[in-house]
Amino acid sequence: MEIHMETMIQIKDVTKTFVGKDNTVEALKGINLEVHKGEIYGIIGMSGAGKSTLVRCLNFLERPTSGTVLIEGKDLSAMKDSELRDTRTQVAMIFQHFNLLMQRTVIDNICFSMEITKTPKKEARDRARELLEIVGLSEKAKAYPAQLSGGQKQRVAIARALATNPKVLLCDEATSALDPTTTKAILALLKEINQKYGITIVIITHEMSVVQEICSHVAIIDEGILAETGRVEEVFQRPKSRAAKKLIIQGEAEPRMEMKGKRCVRIVFSSNSSYEPVIANMILTCKAPVNILLADTRDIGGVAHGQMILQLPEDTDAAEKMIQYLKNRKLEVEELDNYVG
Amino acid sequence: MWDSQVIMMIVKGTGATLYMTLVSTLLAYLLGLPLGIALVVMAPGGLKPNKIVYKILDVVVNIVRSIPFLILLMLVIPFTRWIVGRSYGATATIVPLSLAAAPFVARLVESSLLEVDHGVIEAAQSMGAGTWAIIWKVLLAEARVSLIVGGTIALGTILGYSAMAGVVGGGGLGDIAIQYGYRRYQVDIMIVTVVLLVLLVQILQWIGTKLSKKLDRRITG
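As they're listed, the protein sequences go chains Z and B.
Take the first sequence: its position 228, counted from the start at 1, is 227 in numbering that gives the first Met the number 0, and no numbers get skipped.
Take the second sequence: its position 22, counted from the start at 1, is 21 in numbering that gives the first Met the number 0, and no numbers get skipped.
None of these hints come from the bench; they were simulated from the model.
This one's a predicted model, so the numbers in the text were calculated from it and none came from an experiment.
One should not assume that every hint holds.
[What the hints assert, rightly or not] Here are the simulated PhoX-like pairs of lysine-lysine, each with C-alpha atoms no more than 20 Å apart in a straight line: (1) K79/Z <-> K47/B; (2) K213/B <-> K141/Z; (3) K190/Z <-> K166/Z; (4) K20/Z <-> K50/B; (5) K11/Z <-> K28/Z; (6) K141/Z <-> K136/B; (7) K121/Z <-> K36/Z; (8) K141/Z <-> K54/B; (9) K213/B <-> K20/Z; (10) K120/Z <-> K136/B; (11) K121/Z <-> K136/B.
Please put together the full structure from these sequences, using the hints given.
Right, dumping it as structure tokens:
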């Protein structure tokens with residue numbers, strides 16, 4: 000699947016320290032990351048993990064305290080202000096709160112980015128109409144942002160970001176202010192843009208479901224460091240770091256179970272194993288009951304992946320037998336110590 | 000005593016008051032608008048932070064604002080003479096009025112521009128907009144309603160100040176009120192001028208509110 004290996008964004012030893020009056024905050028503590036052309040790269044972390052600071056370092060809205068960022072091999076920290084502004088027209092960004100100009104119509108908002116690049120007015124308006132068509136808002140050209148819903152505002156922001164034909168689109172919690180249905184629609188639009196125009200997309204989010212929905216790769220950021228990076232499927236199936244486990248297992252479907260401290264395992268189903276009633280067969284074979292603490296199915300890149308957390312019987316022999324049984328079925332089995340539902 | 004002469008005097012006075020107010024407001028904005036923009040842009044965390052220039056502007060604005068208008072009026076008499084050629088009358092009053100109002104206008108502009116959502120400024124920066132583009136296309140354009148409301152406040156305040164200049168023969172309705180109403184105990188003339196001043200403020204306020212509402216696109220429906 001790794002067909003496009005050309006590097007688009009290279010983050011090198013980036014640190015960012017905010018110095019306040021009586022405290023300093025190390026938001027980023029040495030981040031190294033590479034994003035390739037055409038990827039949809041998810042950067043996920045809890046709030047305060049440093050992900051918004053990281054994405055602002057990618058276009059130097061925040062200047063890293065040390066380290067640097069290269070876009071297509073060009074070092075942002077070595078650029079003059081005017082060069083940096085030119086680069087920014089190639090690295091577009093959308094935001095959680097859309098950040099549209101409230102006193103301009105939808106079409107004039109889209110033209111705004113082209114005014115900065117000094118696109119002739121007529122050409123800009125034609126391009127804006129074309130973009131409105133792409134994001135499905137042609138009939139709203141003359142409306143003002145205050146008359147639009149959140150999803151529509153984000154569509155306008157996407158159109159504005161795409162107007163200058165950028166190579167990269169940075170999304171800073173772009174769906175966090177939207178309801179689940181609208182989130183899905185916006186993510187589908189982003190995916191379409193990625194596939195049609197080959198734009199590299201970096202998505203900052205705190206929701207695992209967003210990463211699973213459209214990202215090919217994911218980086219998990221925790222307290223200013225990258226805890227784990229890799230293909231989304233791999234990280235989902237075999238999360239290694241504590242931060243990854245926390246995000247994936249607890250996810251949004253936080254189970255509220257009273258039982259804890261006993262022996263728990265997490266199993267992951269891929270599409271082919273979900274036909275067989277594995278758990279039922281296991282119980283019949285091992286002749287001992289299990290407690291299902293969590294079960295859900297997620298769609299990762301169009302393939303269904305299920306996960307389940309089981310509480311095994313206290314009897315060690317039965318528990319071992321079960322783990323062996325599951326492993327024989329070629330399922331990912333992982334023991335969880337201290338699973339707190 | 001309400002002969003045509005007195006009526007003419009009051010009509011002329013109204014005209015002089017309007018003339019002083021409008022021209023002074025214009026000049027005050029010519030000075031105060033760039034000053035207000037500079038205060039926002041150079042402030043710590045602004046688009047182009049400049050600690051020293053910001054601090055100087057901040058202090059100068061505060062100093063001029065804290066001098067009572069009547070005192071400032073007298074302080075700048077030599078300057079007024081130098082520019083206008085004399086220190087009395089409506090045209091001469093415009094000089095101290097503009098100087099006194101400029102820092103006030105700067106603060107009004109500053110507070111209007113600070114209302115602009117920081118996210119929108121950040122979005123413009125992410126699109127590669129430079130400082131000037133952000134000032135024109137984001138700060139001033141997005142704050143226009145607030146700027147107009149501020150302009151209306153400035154007009155009302157400057158109109159009030161212009162009446163104060165009547166004490167030193169500044170011309171206009173304030174001058175008439177002081178000369179006839181105060182010095183000659185002609186209370187009826189004083190009342191008429193006060194009513195006219197109130198009416199002028201009302202009209203200016205009405206126009207300003209109407210205009211700002213008409214230009215605001217943030218209201219739905």
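Right, here's what the structure says about each hint:
no., hint, result
1, K79/Z <-> K47/B, "holds (15 Å)"
2, K213/B <-> K141/Z, "holds (17 Å)"
3, K190/Z <-> K166/Z, "holds (14 Å)"
4, K20/Z <-> K50/B, "holds (16 Å)"
5, K11/Z <-> K28/Z, "holds (11 Å)"
6, K141/Z <-> K136/B, "holds (19 Å)"
7, K121/Z <-> K36/Z, "violated (31 Å)"
8, K141/Z <-> K54/B, "violated (43 Å)"
9, K213/B <-> K20/Z, "violated (44 Å)"
10, K120/Z <-> K136/B, "holds (15 Å)"
11, K121/Z <-> K136/B, "holds (19 Å)"
The earlier numbered hints that this structure contradicts are 7, 8, 9.
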